[in-house]
Amino acid sequence: MGPLISRGIIGSEWDLVIAILIGFAFGFILESSGFSSSRKLAGVFYGYDFVVLKVFFTAAIVAMIGLLYFSYLGWIDINLVFVNPTFITSSIVGGIIMGVGFISGGYCPGTSFCGAAIGKIDAMVFTGGMFIGILIFSEAFPLFENLYNSGNLGSVKITETLGISAPLFVFIVILVAIPLFYIVTKIEKKIKKVNY
Amino acid sequence: MNLKYSLLAAILVLLGFVLLILPAKEQLSETNPEVLQYELGEVTHFISVDKVAERIINQDPTLLLIDVRMADDYLKYSLPGAENIPLEDILNPDWADLLGQIDRDIVFYSNADVYAEQAWMFARRKGYKNLFVMQGGLNNWFGTIIKPIEPTETSSAKDIETYRFRKAASIYFCGGQAVVSEANPQDAIVITRKKKKSKVEGGC
Amino acid sequence: MKDTNQRTNRLSIAALFFVVVIILGFLTLRKPTFEFKVPINQALEQVLSFEDEMTQEAATEIVTNNVGGYQFVDIRNPYEFAKGHIETAINISRKDLLASKNVAFFDQMSKDSVTVILYGYDQSEANGSWMMLKQLGYQNVKILLGGFGYYSGETYDMFSESEIPQYLVEEPKYDFAALMDKLSDGSSAIKSENNNTEVVIPERKKKKSKVEGGC
Amino acid sequence: MKSDQKERSKKYFNPYFGGVLLGLLLLLTFYITGRGLGASGAVKSTVVTAVHAVTPEFAEHSHYLSKFISDDNHPMNNWLVFEALGILAGAFLSGALSGRLKLKVEHSPKITSKRRLIFAAFGGLLFGIGSQLGRGCTSGAALSGMASLATSGFIAMITIFGTAYVFAYLFRKNWI
Numbered sequence: 000m001g002p003l004i005s006r007g008i009i010g011s012e013w014d015l016v017i018a019i020l021i022g023f024a025f026g027f028i029l030e031s032s033g034f035s036s037s038r039k040l041a042g043v044f045y046g047y048d049f050v051v052l053k054v055f056f057t058a059a060i061v062a063m064i065g066l067l068y069f070s071y072l073g074w075i076d077i078n079l080v081f082v083n084p085t086f087i088t089s090s091i092v093g094g095i096i097m098g099v100g101f102i103s104g105g106y107c108p109g110t111s112f113c114g115a116a117i118g119k120i121d122a123m124v125f126t127g128g129m130f131i132g133i134l135i136f137s138e139a140f141p142l143f144e145n146l147y148n149s150g151n152l153g154s155v156k157i158t159e160t161l162g163i164s165a166p167l168f169v170f171i172v173i174l175v176a177i178p179l180f181y182i183v184t185k186i187e188k189k190i191k192k193v194n195y
Numbered sequence: 000m001n002l003k004y005s006l007l008a009a010i011l012v013l014l015g016f017v018l019l020i021l022p023a024k025e026q027l028s029e030t031n032p033e034v035l036q037y038e039l040g041e042v043t044h045f046i047s048v049d050k051v052a053e054r055i056i057n058q059d060p061t062l063l064l065i066d067v068r069m070a071d072d073y074l075k076y077s078l079p080g081a082e083n084i085p086l087e088d089i090l091n092p093d094w095a096d097l098l099g100q101i102d103r104d105i106v107f108y109s110n111a112d113v114y115a116e117q118a119w120m121f122a123r124r125k126g127y128k129n130l131f132v133m134q135g136g137l138n139n140w141f142g143t144i145i146k147p148i149e150p151t152e153t154s155s156a157k158d159i160e161t162y163r164f165r166k167a168a169s170i171y172f173c174g175g176q177a178v179v180s181e182a183n184p185q186d187a188i189v190i191t192r193k194k195k196k197s198k199v200e201g202g203c
Numbered sequence: 000m001k002d003t004n005q006r007t008n009r010l011s012i013a014a015l016f017f018v019v020v021i022i023l024g025f026l027t028l029r030k031p032t033f034e035f036k037v038p039i040n041q042a043l044e045q046v047l048s049f050e051d052e053m054t055q056e057a058a059t060e061i062v063t064n065n066v067g068g069y070q071f072v073d074i075r076n077p078y079e080f081a082k083g084h085i086e087t088a089i090n091i092s093r094k095d096l097l098a099s100k101n102v103a104f105f106d107q108m109s110k111d112s113v114t115v116i117l118y119g120y121d122q123s124e125a126n127g128s129w130m131m132l133k134q135l136g137y138q139n140v141k142i143l144l145g146g147f148g149y150y151s152g153e154t155y156d157m158f159s160e161s162e163i164p165q166y167l168v169e170e171p172k173y174d175f176a177a178l179m180d181k182l183s184d185g186s187s188a189i190k191s192e193n194n195n196t197e198v199v200i201p202e203r204k205k206k207k208s209k210v211e212g213g214c
Numbered sequence: 000m001k002s003d004q005k006e007r008s009k010k011y012f013n014p015y016f017g018g019v020l021l022g023l024l025l026l027l028t029f030y031i032t033g034r035g036l037g038a039s040g041a042v043k044s045t046v047v048t049a050v051h052a053v054t055p056e057f058a059e060h061s062h063y064l065s066k067f068i069s070d071d072n073h074p075m076n077n078w079l080v081f082e083a084l085g086i087l088a089g090a091f092l093s094g095a096l097s098g099r100l101k102l103k104v105e106h107s108p109k110i111t112s113k114r115r116l117i118f119a120a121f122g123g124l125l126f127g128i129g130s131q132l133g134r135g136c137t138s139g140a141a142l143s144g145m146a147s148l149a150t151s152g153f154i155a156m157i158t159i160f161g162t163a164y165v166f167a168y169l170f171r172k173n174w175i
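For the protein sequence lines, the chains are A, B, C and D, in the order given. Here numbering that gives the first Met the number 0 is used: position 51 in the first sequence is 50, and no number is missing along the way. Here numbering that gives the first Met the number 0 is used: position 36 in the second sequence is 35, and no number is missing along the way. Here numbering that gives the first Met the number 0 is used: position 69 in the third sequence is 68, and no number is missing along the way. Here numbering that gives the first Met the number 0 is used: position 19 in the fourth sequence is 18, and no number is missing along the way.
All the given hints hold, so there is nothing to weed out.
Capping the alpha-carbon separation at 27 Å, the derived lysine-lysine pairs in DSSO-like fashion look like this:
#1 A:Lys189 with D:Lys172
#2 B:Lys50 with B:Lys146
#3 A:Lys189 with B:Lys3
#4 B:Lys125 with C:Lys94
Calculated directly from the structure, the hints in this document are not laboratory data. All values derive from a computational prediction rather than experimental measurement.
Based on the sequences and whatever the hints tell you, model everything.
This is the structure in structure tokens:
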């Protein structure tokens with residue numbers, strides 16, 4: 000049955016309406032979960048607020064489980080679901096750069112939009128910085144080009160990389176995540192509350 | 000621990016566990032038998048030799064002919080532009096790219112249409128789309144297109160029209176090699192010309 | 000305190016909603032009425048083995064001697080069936096092959112280990128239905144080569160000199176390559192004749208006028 | 000009254016509730032579009048469009064941008080921009096409902112607003128570069144990637160959070 004747009008069940012003229020609706024829900028959930036506050040986000044790195052980790056992992060696990068069930072029930076053709084191609088070197092380097100950006104700026108792109116929407120000036124500046132960053136990247140692209148295209152592994156899935164079945168992998172992730180949630184809650188309670 | 004968190008944890012573990020013990024679904028990619036039965040029942044999968052001939056003559060790029068006979072037979076004679084996938088090799092994954100071209104109509108043919116329909120059935124079950132079978136196969140092709148039966152005087156206008164098309168198609172398909180042997184006909188022309196000359200002379 | 004309660008419910012409701020969606024999915028998961036029971040590779044092997052093809056001779060033998068354990072099934076439409084059919088045959092038109100009462104019939108036949116022989120007007124007509132039943136797991140189904148056309152003699156060519164039985168439709172009726180060679184020569188002759196007339200006609204006219212002038 | 004407002008402004012979702020909702024939304028997005036959520040792509044499309052509008056010759060000259068101008072009509076580009084507009088609207092509504100709408104610079108009391116803004120701009124800059132190199136940001140590559148079990152998603156998640164933890168000590172003054 001799904002994905003509805005890839006299968007042409009929903010016409011492409013609805014694309015943008017759906018985009019706005021999904022974006023709306025995304026923004027609402029992010030903001031309501033507290034992702035519009037950079038200090039709340041940064042809390043995950045100092046142990047005073049693990050909201051990012053909790054939301055992030057819960058969402059990923061729910062979506063993982065859901066996708067596998069949907070696929071099993073025949074509601075979605077898993078082969079039509081986009082799998083971001085893995086360019087291992089560029090992924091790692093990009094991830095490191097983003098990591099430094101994260102701890103320095105306190106936002107990531109999605110959350111900076113949320114912050115900007117409710118009037119956080121730092122979030123607006125962060126978004127502005129992002130524009131400039133992309134501009135720099137595109138101008139200096141010849142410099143990055145080799146790196147950008149290096150280590151191409153294609154659209155591989157983690158289950159292929161590790162060689163285990165998808166349900167087993169998801170089950171392991173769940174079994175890891177639950178104690179993790181428990182531990183971070185303990186840590187949160189121990190570490191001095193930061194007022195923000 | 001708080002009840003709501005225990006509940007969430009229990010739900011996630013349970014869902015993950017159920018996923019783990021669900022029986023593996025093997026035939027997910029295969030076409031549902033009911034779909035195939037419908038297509039067989041409505042006979043939507045046959046394409047007439049006339050249609051095929053017309054599309055070959057028009058050099059329709061969306062037509063892909065697949066010869067499902069043995070390689071020997073294919074090499075001896077095949078329709079113009081046809082590819083060869085012997086019936087016993089139809090499930091070979093090597094053909095996935097060829098059969099998976101969704102923007103082309105893939106027409107199977109064999110000497111009759113039995114093997115071609117079998118190939119159609121297997122390819123269709125595997126999930127390939129836009130597959131057809133040439134009705135009557137090569138025997139029908141030769142019996143109608145290459146050696147069209149002349150309509151009788153009582154035939155309908157439509158039959159005569161069909162005959163004309165087939166005759167023209169026959170010349171098209173047989174003419175391909177005539178171009179190569181251009182030299183002989185020229186000789187023939189000379190001879191016949193002479194004959195005619197003499198006739199004219201005789202007339203006077 | 001009330002506030003906290005409300006939040007508790009929200010989390011649990013969201014989580015339970017997820018579970019309910021999945022459970023509903025399983026409840027509504029329609030088990031496909033029909034499944035291909037024979038794996039595709041095995042089905043291909045069966046087809047290539049030809050062991051389920053029944054010859055006209057064998058069919059005639061069964062009918063004339065009233066051999067038990069066989070059931071002819073005519074898959075043509077009722078109108079064609081009414082015009083003439085193998086005496087002991089029943090009619091299941093191929094459109095309704097998988098209608099529930101017919102499925103029950105095939106189930107019964109397979110339970111009683113009766114061999115079902117499908118036939119249409121020719122082999123091609125019954126071929127799809129036969130493959131469908133085979134792949135759905137009815138192993139007791141055979142197909143009549145040549146179909147009713149040969150059985151009734153309608154499509155039997157008495158003057159054929161071929162050694163090969165005529166109901167083997169997949170045998171080439173012509174030597175395609177040789178025929179093409181012959182025809183392309185022939186047709187080039189036709190073509191050249193056409194050329195001739197085209198070329199000659201004006202000449203003829205000229206000559207005519209010359210001759211006339213001469214006369 | 001004032002304290003009441005303050006009380007309300009703290010009222011965030013329970014993180015797990017937010018997580019389950021986000022997961023369900025992500026699932027719905029996969030179901031409808033076959034792709035996950037994303038954010039940095041919107042910025043990229045905007046940059047491409049903006050540069051192309053202001054100085055077309057520069058955009059065509061640039062190797063990277065021209066790559067995206069050629070398929071500028073690709074629906075996903077517009078898609079992400081509209082999604083980003085939706086994010087702004089949704090976040091605004093949520094902020095308005097919980098009384099969090101306020102123009103301010105959020106920073107640790109130990110640092111000045113100016114310092115916070117400089118670091119924010121620097122962070123944004125790095126994120127801009129990194130998200131292009133890593134083919135997606137935390138939502139596009141890491142979250143959606145993990146949900147679809149893409150290897151790149153897990154690499155992105157581990158490297159982004161890993162690096163942030165490594166450098167956390169250096170930047171502690173900014174946050175605590």
